[in-house]
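What follows is the residue order along each chain.
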Amino acid sequence: EAQVTQNPRYLITVTGKKLTVTCSQNMNHEYMSWYRQDPGLGLRQIYYSMNVEVTDKGDVPEGYKVSRKEKRNFPLILESPSPNQTSLYFCASSLSRGRVAIGTNQPDEQFFGPGTRLTVL
Amino acid sequence: GENVEQHPSTLSVQEGDSAVIKCTYSDSASNYFPWYKQELGKRPQLIIDIRSNVGEKKDQRIAVTLNKTAKHFSLHITETQPEDSAVYFCAVYALNFGKGTSLLVTP
Numbered sequence: 001e002a003q004v005t006q007n008p009r010y011l012i013t014v015t016g017k018k019l020t021v022t023c024s025q026n027m028n029h030e031y032m033s034w035y036r037q038d039p040g041l042g043l044r045q046i047y048y049s050m051n052v053e054v055t056d057k058g059d060v061p062e063g064y065k066v067s068r069k070e071k072r073n074f075p076l077i078l079e080s081p082s083p084n085q086t087s088l089y090f091c092a093s094s095l096s097r098g099r100v101a102i103g104t105n106q107p108d109e110q111f112f113g114p115g116t117r118l119t120v121l
Numbered sequence: 001g002e003n004v005e006q007h008p009s010t011l012s013v014q015e016g017d018s019a020v021i022k023c024t025y026s027d028s029a030s031n032y033f034p035w036y037k038q039e040l041g042k043r044p045q046l047i048i049d050i051r052s053n054v055g056e057k058k059d060q061r062i063a064v065t066l067n068k069t070a071k072h073f074s075l076h077i078t079e080t081q082p083e084d085s086a087v088y089f090c091a092v093y094a095l096n097f098g099k100g101t102s103l104l105v106t107p
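Line by line, the protein sequences are chains A and B. The end of the first sequence is residue 121 by our numbering, with every number in the run present. The end of the second sequence is residue 107 by our numbering, with every number in the run present.
Source of the hints: derived by calculation from the structure; they are not laboratory data. Fair warning: this is a prediction, and the values are worked out from it, not measured in the lab. Incorrect hints may have been included.
[Claimed, not checked] Below, computed lysine-lysine pairings styled on DSS-like, alpha-carbon distance capped at 30 Å: (1) A:Lys57 x A:Lys71; (2) B:Lys42 x A:Lys69; (3) B:Lys68 x B:Lys37; (4) A:Lys71 x B:Lys68.
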């Protein structure tokens with residue numbers, strides 16, 4: 001089954017304690033990204049990766065790190081979490097970031113993981 | 001980056017009525033516009049998308065229209081049902097999302 005998985009699904013931690021949220025996809029997608037979702041602010045992109053060893057900042061990268069050593073995995077790292085990073089996090093993957101040829105009818109859906117609800121005390 | 005504005009932020013309709021959600025974007029070169037539906041406690045999922053080489057696309061009760069000149073695109077849901085209640089996000093490419101519209105369909 002084609003899917004994106006995230007772990008853990010729920011996490012309560014304390015300020016300053018390093019944590020990693022894992023993300024894995026089995027669809028051989030090149031493009032992966034991380035979003036945080038907060039009430040009234042929608043989905044905001046944290047980091048994205050176009051391919052292995054290629055990562056770039058999204059709109060809200062401060063306080064986060066990522067790595068893309070393998071095509072299927074894209075972990076999100078919070079070196080020193082703070083309360084303002086309390087949020088719902090989604091990992092997502094897609095074929096090509098929506099930039100498929102205009103003449104095709106191939107969908108370029110972003111597949112989202114189930115989400116990780118993080119609370120930083 | 002691309003600036004995506006979505007309106008309204010909340011929308012309440014009666015079952016059977018139509019619902020329309022509108023998004024505007026800033027980059028005239030953009031050519032892919034997906035819509036996602038997020039039910040409470042679940043992940044966003046694609047419901048329909050449109051590319052800039054067409055002006056309208058329909059899938060049963062949902063449709064999307066695109067006005068490239070005005071740089072806006074809209075989601076239309078006809079004959080709404082309570083199970084349509086969710087948050088809807090527009091996006092440009094698979095990147096920039098609107099802030100979402102919370103749709104409530106009341107019986």
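Each hint, compared with the structure:
no. : hint              : in the structure
1   : A:Lys57 x A:Lys71 : holds, 18 Å
2   : B:Lys42 x A:Lys69 : holds, 28 Å
3   : B:Lys68 x B:Lys37 : holds, 23 Å
4   : A:Lys71 x B:Lys68 : violated, 35 Å
When the structure is compared with the earlier hints, a violation turns up for hint 4 alone.
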